[in-house]
Amino acid sequence: MRNIGLRVGVVIALIIIGLYTFYPTIKLYTSKQLPKDEENALLKRAIHLGLDLKGGMHLVLEVDTTNVKGNPSDLRDRAMEIIKNRIDEFGVYEPMIEKQSSSRILVQLPGVDRERALNLIGRIAHLEFKLAADEQRTSTIIKDIDKLFEGKDTMAFKEPFSSYIISVERVDIGIDMRDEDSVKAMTAQAQAQGVIPPDLEFLFGPREIYEGREVKRFYLLKKEAELTGDAIRDAKHLPYQGQELQYTGSWYIQLELKREAARKFASITGKNINKRLAIVLDNIVQSAPYIRERIPQGRAVIQGRFRPEEARDLAIVLRAGALPAPLKVIEERSVGPSLGRDSINMGIRASFVGAVFVILFMLIYYSLSGFVADFALWLNIILLIGILSAFRGTLTMPGIAGIALTIGMAVDANILIFERIREELRIGKTIRTAISQGFSRAWLAIFDSNVTTIISGIVLYIFGTGPIRGFALTLMIGLITNLICAVFVTKAILDYFTLKFEVTKLRI
Amino acid sequence: MIELIKNPNLNFMDWRKYGYIFSGTMIVLAVLLLIIRGPRLGVDFSGGALVWVKFEKPTETSDIRISLGKIGQVQASIQKLSGTNEFVIRSVEKKDPAKFGEEVIEQLMRDFSDNPPDLRAKETVEPKISAELTRDTIYAVLLALLLMGIYVWFRFDFRFGAASVISLFHDILITISALVLTSREFTIPVVGALLTIVGYSINDTIVISDRIRENKKKLRGRPLRELINTSINETFSRTILTGSFVIFTLFCLFFLGGPVIADFAFTLIVGLIFGTYSSTFVVCAIVVEWEEKFPKKKK
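Chains as they are written, first to last, in my numbering: chain A, -16 to 491; chain B, 41 to 339.
Just so you know, these hints were derived from the structure itself, not from any lab. Just so we're clear, the structure is a prediction, and the values are computed from it rather than from any experiment. Each residue gets a CB set at the ideal place from its N, CA and C atoms; glycine is no exception.
Computed list of lysine to any residue pairs in SDA-like fashion (alpha-carbon distance at most 25 Å, straight line):
1. A/K488 with B/I45
2. A/K311 with B/P167
3. B/K168 with A/S86
4. B/K168 with A/G105
5. B/K257 with A/L408
6. B/K135 with A/R97
7. A/K167 with B/E142
8. B/K134 with A/N102
9. A/K10 with A/N23
10. B/K120 with A/N328
11. B/K139 with A/L89
12. A/K311 with B/D136
13. A/K219 with A/E98
14. B/K257 with A/R405
15. B/K135 with B/V114
16. A/K483 with A/G(-8)
17. B/K333 with B/W193
18. A/K488 with A/R409
19. A/K311 with B/R175
20. A/K167 with A/E197
21. A/K412 with B/S277
22. B/K120 with A/R97
23. B/K258 with A/F430
24. B/K258 with A/R424
25. A/K219 with A/L114
26. B/K257 with B/W330
27. A/K167 with A/R190
28. A/K15 with A/R332
29. B/K46 with A/R409
30. A/K219 with A/K247
31. A/K241 with A/G253
32. A/K241 with A/I299
33. B/K94 with A/D325
34. A/K311 with A/N54
35. B/K139 with A/R190
36. B/K257 with A/R424
37. B/K257 with B/G189
Here are the simulated distance ranges between beta carbons:
38. A/S321 with B/S284: 29 to 39 Å
39. A/L26 with B/L259: 50 to 60 Å
40. A/V486 with B/K333: 44 to 54 Å
Generate coordinates for the entire structure from the input sequences, incorporating the hints supplied.
Structure (structure tokens):
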């Protein structure tokens, strides 16, 4: 009975800590509309929702080193830096980008548009400026390819090469998408046989619809790039203001080159007037404008029919630089926002029903003492969520189940204690001795069982990922708050009341 | 004062023979089930892709199959979540799951443009990742079992430690077979549930063992079997009360928690029932058996 004042003081302090750390969560998720800065301040202190509740994507990327020289972990570090920059510019709230093993990167992005995010991360964004061969040379080479396959009409190459070629908007040549495989096979063979000179190559444009067909333009370009993406100082996305109908309403990218590169660009453009300079992104020809005059200021545009968000993402990617090697998505877990919302609602409803039942039962079965245990239980839940928020822990769907299990464990502790007190009372002990013996005898069992569950929690935390870690964390914090609430708080309150009101009959 | 169970005096240890028959049958059935049917592995452990979509308007599995047929995916498994307009599509081919996922989403968006599907979730796991996950999971479960055993050994004695580990294997094996029986998928959350069962089942064992330790002093000289029986009886009301509480909470999660949590809750329910049962009929029974065959020297 000693220190009862101190113990009650600690209980009050716990209540205050619990409410203080729990408040931002309640405030954030119950208010409909909040000013932006207040919302941001609350977000920092409120409970953090996992990807499975908020929606978002979890990606594990692996650096594909098959065609790239270099140490995988160096490539990984560089790729990670670039991805970080891209994501920072894209603006994701609390992204997580981490190293995993020697060649892997873990990326977690809450609540983003899946496709855009994938495009932003996975795109290599290797930009090259390449000069095009002139039209005469191109048509000579096409004729040479025709000759190469003449008389060798195997199943694969029945038609002459030139018969696949169609004219796109008069200035360009292209192919129908259905012929893509044949055309690619033919050009590959032609390249190997030296019909296409080794310093030139065919590259395709993006897929587009032209006169009701799916087509791709194609170009004969110099293999060696005049300039690459390293030359870019800045990239902006801007709406198209010009007169060409095909670009109306679309956006384009304006590139600004670094000083050195701008000088080089000026000399290239000066020497190649009336030739075409193709802008190639990840081996796809974005556009191939004619050089009409020398361009001294180091400015270039990528003209494409970009949607505004597409243009914005492309500008981000170009500013952040190219990835040093391709990245492969080896694991993806995405949860749409709708499923996240449903999960929260259902999880909370289920836990709530469970909690109400437990609380009612405790009250009926153990009467006033049950009420004290219920109080401790609420404090437990509030402290658990509060501590989880304060330590930036994440609440996941299994985490909600973890809270429900914690409730179960808390109730178990109180049942152990109360059954014990009843036993002591039955053999004729006084109320105060019964309480004190009940607690001390039940304590070891409660402690041991919590410790073993914490051991499981630690194992889960170490081996688990994402949602499971959330579960392990809630379980561990929950079991510690359990020891505090179900044992310490319940006992302090029971002691306080039995002492203060000279209780002669314990309602338990 | 309400009391559901008043001073029980049941002869649990005399019934342990029935326990052996029951547990033995369950284990044999479980092993047979595992061999004949095998566990249904989710993409976490098998590798592959899973695409979960929800349609606005009523849609039939056959419509989706036709749509997927166009991209050569007639074999993909399509599961309609009962009572909803939601479908879970899984790849059969394990190779290149990312591509499968993208193609399926693209094709569904194209074919159902008047009834656009909402992407609820997507999981793609390369086979090499799933192999790693499987290995890590097995290690995690074994490690948890071992740590539990060591803890019980350290807090009580070696016999209880060993018996606890055996009973944990028993609980996990039966729970897994219940998953196989109900064709539930084996996923990471399910493994999380299995590890929780490990903690919970041991919890129950500890409560009884703790009583035994306490009664050892009180009832000096009595045979272990009687000691254990008394202890089980003394903790019986707690066992039943707590057990029914937790199970009720889990039923709430099972019925109200939505599809994501249902399998998780199911695993816990089965595991909890067997975990509670095994504390008495496996752990205590083994310890009693052990003592009767190889009595400890009296100090």
